[in-house]
Amino acid sequence: MMEQLTRSGNEAAALGAKLSRAEVIAAYPITPSTFIVEYLAQYIADGELKAKLINVESEHSAMSACIGASLAGARTFTATSSQGLALMHEMLHWAVGARTPVVMAVGNRALAPPWNLYANHQDSIAQRDTGWIEFYCENNQEVLDTIIQAYKVAEDKRVLLPAMVCLDGFILTHTRERVDVPPQDAVDEYLPPYRPEHFVIDFDRPLTENVIVTPAWYMEYQYQLEVAMRNAREVIREANRDFAKKFNRDWGGLVDSYFMEDAEVAIMAMGTIAGTARVAVREMRKAGHKVGLIKLRAFRPFPIEEIRKLGSQLKVLAVIDRNCVFGSGGASCIEAQSALYSIPNRPKVLGFIAGLGGKDVGVESIKYILNKALKVSETGRVEREVEWVNLVGGE
Amino acid sequence: MMPSKVVPLKEISRVELVSKGHNGCPGCGMCISLRQALKGLGKNTVLAIPAGCVPVVAGGPLPLAGLSVPTILCSFDATGAFIAGIEAALDLKGRKKGVNVVGFAGDGGTADIGIQALSGAFERRHDIIYICYDNEAYMNTGIQRSGTTPYGAWTTTTPVGSLKHFKRESKKDMPRIVAAHNPRYVATASIAFPGDFIGKIKRATELGGPSYIHVHSPCPVGWRFPPDKTIEIARLAVLTGMWRLFEIEDGQYRLTLKVPKRKPVAEYLKLQGRFRHLTPADIEEIQREVDKLWEAQPA
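Taken in sequence, the protein lines are chains A and B.
So that you can map any letter, position 7 of the first sequence is 7 in my numbering, and since no number is skipped, the others follow by simple counting.
Going from the second sequence to my numbering is simple: count from 1 and add 395.
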């Protein structure tokens, strides 16, 4: 019986799409996210989900089919990882420009070469400027819940942007945890059917979608995307609040804070590293250090207001990234620095690159980082802005 | 097999679904293809158009979008996947009956960059109609060679120079490639034979997909001929045997226009600047290839 209560991250993602009543699913297999679509195929085969599964010949076509289906009025879903997400890149822009609220699960995985199948955020971070909303999950329950919330946000008229829900490859995709599956009727109440108003196939009033525009108009269209992404911040907070009320699970909205009430030093992390960081923070609190955790749940839109509010009370913010903007440091570190720059009492920001290609980030690694941050809070001197953690050969 | 019926000229629909005053070049073969195709398809058609000449004519710039059917501009490389998605959604929503889901793409978007998505959609047997308008090069970007550019043609990327001349490779045979997917229907067409073309479009709509129609669409700008010669050149392509009109329904091949006595290919070639550099020996070589093809595949 216990077995039935545990779900892998991939199954949690598939259940999230099923509970959201995804109508057209187009996908191509890629490790480690393949199982998501296998589960969905089985739900359809068993009559548990009324949907069309298009087994496309590439990820590029997967996203293209999702956009076509979304424009034709269907709620759409896909899943991918790594090279597949990279191949989709062109179509990610199309999904945004066409204002199609596609939801996609991304099993985060490193890009080749050298070949590696394990957790790395580079694949989704490389898509940060496409205009997709990006959520990062800490555990399998959050994966399931976030997919349902992602539809709520993406389909909101104030937003109408596609959203990806990221889960660390293998660490979540292939690991079983207890997951509470909410009842379908409750999800139906939370998430009504998708009824597009911006594009309608009407043969008596034919519209042309994705028209060609002159420079004067292109900028206006782009500005509307900017407005939509800004609006998404409040819509994500709302979606989380409503979800918490209904299902009694609060993921914090754009960020989750842990021991932040009186923290002077904090670590900021995305995905499963945030889970490990909770343990490290708890242990260091026991030892008397005023440390806390900021879990970044939404990377796009970046939670500027939350980071400014939490950052203004800190002496040092240590940011850990499972990705690298080569030559500059981790992506979320750069974003945090940018968000904090204009506040009067800004903390010192330290960047750490860790866990690339699935390399383990243990409690000790987080403690090492927090101790570094505590030292900087005492001395006020930053010796190194970006550090690669646990390199075999050292930096 | 029910052969397609040639639609008599007086029975061709008078409803114009392509707006007047569009952005097409004078004498544009693609525009004529689009106009004729829509006369066969009718207004209950969702059209996906990828990058190429057709979105420039029909997709803007805002507010000049010029088609009276629901139209979605899509990416260059994914027409097949786009229409597969549209078809799946309409089917799931119970809105597909009596609706044609159509991709209308150029030769580059079909035979080169779009062939993977096209192949996937045909292998999965979506109920779609895919129309390729073949102007035998990348005309919208300024006459670069494509996979369907014929042997001997000048283009800006197969120029005529002192060391190398024209395209050395023969035309990619898209209809036969699509036919290898065993779709419901494959046909070739010519804008010089509108009754035949529209009859084939109608046959495709009756059968349900996947269906593929490849229409030869001369381009005055790229082929270097005056705009009033478009139909004459399109007709000569058929009468010289350089373009063959046929259909394959559920695997059965049928020549839809018999050409009792083929004209020499030189009559077709000499009207076009893109073949100006050809020597008599080159033309003889092309004639030999055409003869060989007709001997291999008689009517």
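Hints were generated in silico from the structure; no laboratory data involved.
Do not rely on the hints blindly, as some may be mistaken.
What the hints assert, rightly or not - EDC-like cross-link-like pairs, simulated, lysine to aspartate or glutamate; straight-line CA separation at most 16 Å:
no. : chain 1 : residue 1 : chain 2 : residue 2
1   : B       : Lys438    : A       : Glu226
2   : A       : Lys50     : B       : Asp486
3   : B       : Lys488    : A       : Asp202
4   : B       : Lys492    : A       : Glu226
5   : B       : Lys438    : A       : Asp202
6   : A       : Lys157    : A       : Glu226
7   : B       : Lys491    : A       : Glu226
As the list claims (entries may be wrong) - Partial selection, computed: residues in chain B whose CB lies under 7 Å from chain A:
no. : residue
8   : Ser470
9   : Gly603
10  : Pro621
The C-beta atom is built at its ideal place from N, Cα and C for all residues, glycine as well.
Now for the hints, and whether the structure bears them out:
The straight-line distance between the Cα atoms of lysine 438 of chain B and glutamate 226 of chain A is roughly 36 Å, outside the 16 Å bound, and the hint therefore fails. Straight-line distance between C-alpha atoms of lysine 50 of chain A and aspartate 486 of chain B comes to about 12 Å, which keeps the hinted pair within the 16 Å bound. Between the alpha carbons of lysine 488 of chain B and aspartate 202 of chain A the distance comes to roughly 14 Å, so the proposed pair stays at or under 16 Å and holds. A threshold of 16 Å between alpha carbons decides the hint, and for lysine 492 of chain B with glutamate 226 of chain A the separation of about 39 Å lies outside it, so the pair is violated.
At most 16 Å may separate the alpha-carbon atoms for a hinted pair to count; lysine 438 of chain B and aspartate 202 of chain A meet this at roughly 10 Å. At most 16 Å may separate the alpha-carbon atoms for a hinted pair to count; lysine 157 of chain A and glutamate 226 of chain A meet this at roughly 14 Å. A distance of roughly 35 Å separates the Cα atoms of lysine 491 of chain B and glutamate 226 of chain A; the hinted pair therefore is violated under the 16 Å criterion. For serine 470 of chain B, the interface hint holds, the least distance from its beta-carbon to any beta-carbon of chain A being 6 Å, beneath 7 Å.
For glycine 603 of chain B, the interface hint is violated, the least distance from its beta-carbon to any beta-carbon of chain A being 17 Å, above 7 Å. Taking 7 Å as the C-beta contact cut-off toward chain A, the hint placing proline 621 of chain B at the interface is violated, the least distance being around 28 Å.
The structure is inconsistent with the numbered hints 1, 4, 7, 9 and 10, although it conforms to all the rest.
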